[in-house]
Amino acid sequence: MSLDFEKPIIDLETRLMQMKEIASKKGKNLSKEALLLEEKIINLKKEVFENLTRWQKVQLSRHPKRPYFLDYIYKISTEFIEIHGDRVARDDKAMVGGIAEIDGKSIVLIGQQKGRNTKDRQFRNFGMSNPDGYRKALRIMKIAEKFNKPIVTLIDTPGAYPGLEAEERGQAEAIARNIQEMSMLKVPVICIVIGEGASGGALGIGLGDKVFMMEYTWYSVISPESCSSILWRSWDYKEQAAEALQLTANDLKKMNLIDGIIKEPLGGAHNDVDFAANKLKKVILSEIEKLEKIDPEKRILDRVEKFSLMGVTKND
Amino acid sequence: MNWFKRKKKNINTPSTQKKELPDGMWYKTPGGSIIHIRELKNNSYVCPEDDYHVRIGSKEYFEILFDNKSFEELDKDLSSSDPLKFVDTKSYKGRVDKSQKDTGLKDAIKTGVGKINNYDIVISCMDFSFIGGSMGSVVGEKISRAIDYSLKNKIPLMIISKSGGARMMESTYSLMQMAKTSSKLALLSREKIPYISLMTDPTTGGVSASFAMLGDFNIAEPGALIGFAGPRVIKETIGSNLPKGFQRSEFVFEHGFLDFIVDRRDLKTKISKLLKLLKN
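Taken in sequence, the protein lines are chains A and B. Counting in the working numbering, the first sequence runs from 1274 upward without gaps. Counting in the working numbering, the second sequence runs from 841 upward without gaps.
A couple of the hints might just be wrong.
[Unchecked claim] Chain B regions said to be covered by chain A (calculated; three or more residues, Cβ under 8 Å):
(1) 870 to 877
(2) 921 to 928
(3) 1012 to 1025
(4) 1047 to 1061
(5) 1073 to 1079
None of these hints come from the bench; they were simulated from the model. The C-beta atom is built at its ideal place from N, Cα and C for all residues, glycine as well.
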């Protein structure tokens, strides 16, 4: 369960662990060799992670060990009551939401949930929501608004589910409705991409006063693979597509499409979930504090203005 | 059988003497009906034999809808500036330049202000002929400005959608046009200014998942493909064939996402009636 470019690091880490084991068995201190190896690992990690290609960042966003929505919730909150159902037809397991207590503050958290093993992945539909998921998310947001609680959405989806029933129940309408309703919510809304931010499926819970991305995530109108298959008419150009789409956190910050990047530990969030969760929590709390000082009506108008400034055109 | 034998070996009429019909005189519908272009034009580009609605663009819709075919165009010089310098097998800039040359359009949408049977209206109409009617920054910005115009002048807005979805070559900028148009529409809705969304063939992807589905009245032309995911993607996902009529206007209507389906020949009358009922 590791990526190609992680392998050399993991090999060295395994060797170091063996050396540590031997040392502890013999009751000896770590050898000079081991200390050198430790340093070598850090340097190698730095070298690899400072020079990641866009496609490698996409791979990291999908890392099988990467923390998902609920992993973060359990790390950052002292209480979490999950609430279910769209009050229309279903309870979409790919979309999770509830009220959490973080540092003594009640915050409504909503996000897509992926599964860790085969069974769980199917149960969560690979983090791909049906319309029911978007309607459930909106219902939970309305509860937050009613009881004046700030909303945080954590985005991690390979896309809204492109299925037959999804179309029957109005996938397009559900996403459109969410985007529109989110723009008018009277409470602070913060959206954070924690993994994959694929197109309308991500944006369906993505309209907020502030939008952040964790360091090794992507957010775009299409996945590199699908882009490759449509524009290059082959699945083989995903690396080029990722470069062309400029879909990483760094890219989007440069384009002013997001407000900030949440730093991940060296090696990615899965290398130190506590570190990642802690950074996430800090951003959530400090941003909510700032947003709560603003008058709700002004917050709404600022939110609409923020998105209406996005885009680049010229006058011929 | 002598008479049957060909005396000369080949047909040797020089191609300059060939009498071909002028290009584009006749139109054949998918159902096989053949109709003269002039007749088609006089019939709002609907084939009288099988009611097939031919795909048309902003020029034709404006002619059909606006009184005396007269309107004022807004933001007509706005065009794409290729913010990502996007290159796939071709450059995006090249695609835009070629599309502009081929279609005579600046981008995939035009906004006109005029009257429909004496009722003021702002109409933004998409052009599928321009890179598949895809939504990039220009489409989003023009819709956003059309909404501003509606808000400022308190005039109802109509958007005619005809698009495959967001424009990949503007990546996340395109995606954010969904946010931009939808949140702007929320302001229009707050001011209680009517917004009519007409979906035509096709209306899918980021366009259907934003402004197209957000009308106070969502209406469609008959037989139009309307959905979120494209049929090919759904077919691949579920691994079986799609039912007949899937994602067509009639299907979308039956599932409760359209207010009514309107024949293009009745469109103008129906819209003005609706505007009248809302105004009185």
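Outcome of the hint check:
1. 870 to 877: violated (count 0)
2. 921 to 928: Holds: 6 residues of the segment 921 to 928 of chain B have a Cβ under 8 Å from chain A.
3. 1012 to 1025: holds (count 13)
4. 1047 to 1061: holds (count 7)
5. 1073 to 1079: Since three or more residues must qualify, the claim that chain A covers the segment 1073 to 1079 of chain B holds, with 4 doing so at under 8 Å.
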